Amino acid sequence: MMLSEAIVPLLLTLKVATLATVFASIVGIAVAKFLGRRRTFARDVVESLLTLPLVLPPTVLGYYLLVVLGHNGFFGAWLMRDFGISLIFTWQGAVIAAAVAAFPLTLRAARAAFSDVDAQLENAARTLGASESEVFFRVTFPLAWRGVLAGALLAFARAMGEFGATLMVAGSLPGRTQTLSLAIYDAVMAGDDARANALVIVSLVTAVVVLLIAARLLQRTQRMTLT
Amino acid sequence: MHRIARSIVISAMILAAAPFHASAADLVVSAAASLSNAFAEIGKAYEVKHPGDKIVLNFAASDVLLKQIEQGAPADVFASADEATMDRAAQSNLVDTLTRKDFAGNTLVLIVGLSAKSPNSLNDLSAADYPHIAIGNPDSVPAGRYAKEALTSADGWEKLQSQIVPTQNVRQALDYVARDEAQAGFVYATDAQTQKDKVRVAMTVPTSTQVRYPIAVTRASKQVDLAKGFVDYVESADGRAILSRYGFSAP
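Chains as they are written, first to last, in the numbering used here: chain C, 1 to 227; chain X, 1 to 251.
Be aware that one or more of the hints could be misleading.
From the structure, some residues in chain X lie toward chain C, with a derived Cβ separation under 8 Å [stated by the list, open to error]:
hint: 1; residue: ASP63
hint: 2; residue: VAL64
hint: 3; residue: HIS132
hint: 4; residue: ASN137
hint: 5; residue: LYS159
hint: 6; residue: GLN163
hint: 7; residue: VAL165
hint: 8; residue: ASP180
hint: 9; residue: GLU181
hint: 10; residue: PRO206
hint: 11; residue: LYS228
hint: 12; residue: ASP232
Derived from the structure by calculation, the hints contain no laboratory data. These numbers were taken from a predicted model, which means no experiment stands behind them. Yeah, the Cβ is synthetic: ideal placement off N, Cα and C, and Gly gets one too.
Assemble the whole structure, with the sequences as input and the hints as a guide.
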């Protein structure tokens, strides 16, 4: 197979993983902020429940997403009725599957990063008249963002490799919803080892490049924080 | 602390050992996804008749099963949903061809969701009425190959490309239609029967190759007599009765 054939699933994978990471990060940061600093039993329960997508087998996740987002699911039926949108068998559906699967990683990382910020700094800002959102955006987040970024990187890696949930929700439609991991699976199942190997190489190279870029970014921000 | 560590290690060892605990009389049967319900019952009936023997069933698309056997999966019996896959197994010397038999037949049907229109022919599958049509991936699923063949001879394969949702096995195609995510799908008559209250059979699809199920003992089997016994049981009056109850025809 020509490497050019891998371009379509590669671009799709990058698009899906990037958007999924963005969504997972925004929601993860918001929920981490909402859960706050104080450890309570209720918060631990909520956090455990929100971590389920990471613990459940991806096929179980996919099954429930299919049930919720599908034509007969309450969310899917509402989307269809009021907006004429169907997410099943679309790349947008793949984004949702990957975002849900990756979300616990951004949440956990953001929560840890926020609680590492010295509470006294936040209190100092409050005594100087800063509002809660000012405290968050001007004190907490700038101090915590490297931890948040580390979570986003993990989320991106998880989203790139997403398979089970994506397969059930988005299907494996070549050129439309077939991401690299799905394309590799299809190639192996069809006995096309050459194609599978080519796709694996593309995956590997992409993953290494992404990780290298991330490492460089982290290093640079570290230097900026030190000086 | 030591006690906790020790109990963790011990439970890990027990868990790790469990898969190897399988007794010598475990017979692994790799069967096409469309045989799931019938073979589950045949397996149980066989175990009742042969106490002590255990049938371990492994269901997937036929090509996937062949791939697993090629890679050294410990299957004793292979039951495929088409002759082509069994032919490939025979060519690669993965099955004992002397034990190969056709044991059942089936028909391909076009199913639609309960809320979808009923098509009268394969040319009625317009994009407006049927935006998604679920078909087993022809590269690895026999039901998909039969469907592709039928659609190609009706000049519909190319036209339907944007509507086709390729699935990993025939049961996934059935599931998508049963859930109303796909408006139509190609499955076997026996599959459609398992979801009678969720899908409707619109028509029987003529296939130029008859849908027949061959079975054979694998070359890698270490318990050939046991495996042959199971193959014979599938072909016996008892086995046939179960198969026909699930809608399979005689080969």
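Now for the hints, and whether the structure bears them out:
Given hint, ASP63 of chain X at the interface with chain C, holds; its Cβ is 6 Å from that chain's nearest Cβ, closer than 8 Å. Look at VAL64 of chain X: its Cβ gets to within about 5 Å of chain C, closer than 8 Å, so that hint holds up. Against a cut-off of 8 Å between C-beta atoms, the interface hint on HIS132 of chain X holds, since the closest Cβ of chain C lies about 6 Å away. A least Cβ separation of about 7 Å between ASN137 of chain X and chain C falls short of the 8 Å threshold, and the interface hint therefore holds.
Given the 8 Å rule on beta carbons, the hint for LYS159 of chain X is violated: about 16 Å separates it from the nearest Cβ of chain C. Restraint check, GLN163 of chain X versus chain C: the minimum CB separation of about 10 Å is more than 8 Å; hint violated. Taking 8 Å as the C-beta cut-off, the interface hint given for VAL165 of chain X holds, the closest approach to chain C being about 5 Å. Hint on ASP180 of chain X holds. Least Cβ distance to chain C is approximately 5 Å, under the 8 Å limit.
A distance limit of 8 Å between C-beta atoms decides the matter here; for GLU181 of chain X the minimum to chain C is near 5 Å, and the interface restraint holds. Using the Cβ-Cβ criterion of 8 Å, the hint placing PRO206 of chain X at the interface with chain C is not satisfied: the shortest such distance is roughly 26 Å. Nearest Cβ of chain C to the Cβ of LYS228 of chain X: about 28 Å, over the 8 Å cut. The hint is violated. A cut of 8 Å between beta carbons decides the hint on ASP232 of chain X: the least distance to chain C is about 31 Å, and the hint is violated.
Checked against the numbered hints listed earlier, the structure breaks hints 5, 6, 10, 11 and 12; every other hint is satisfied.
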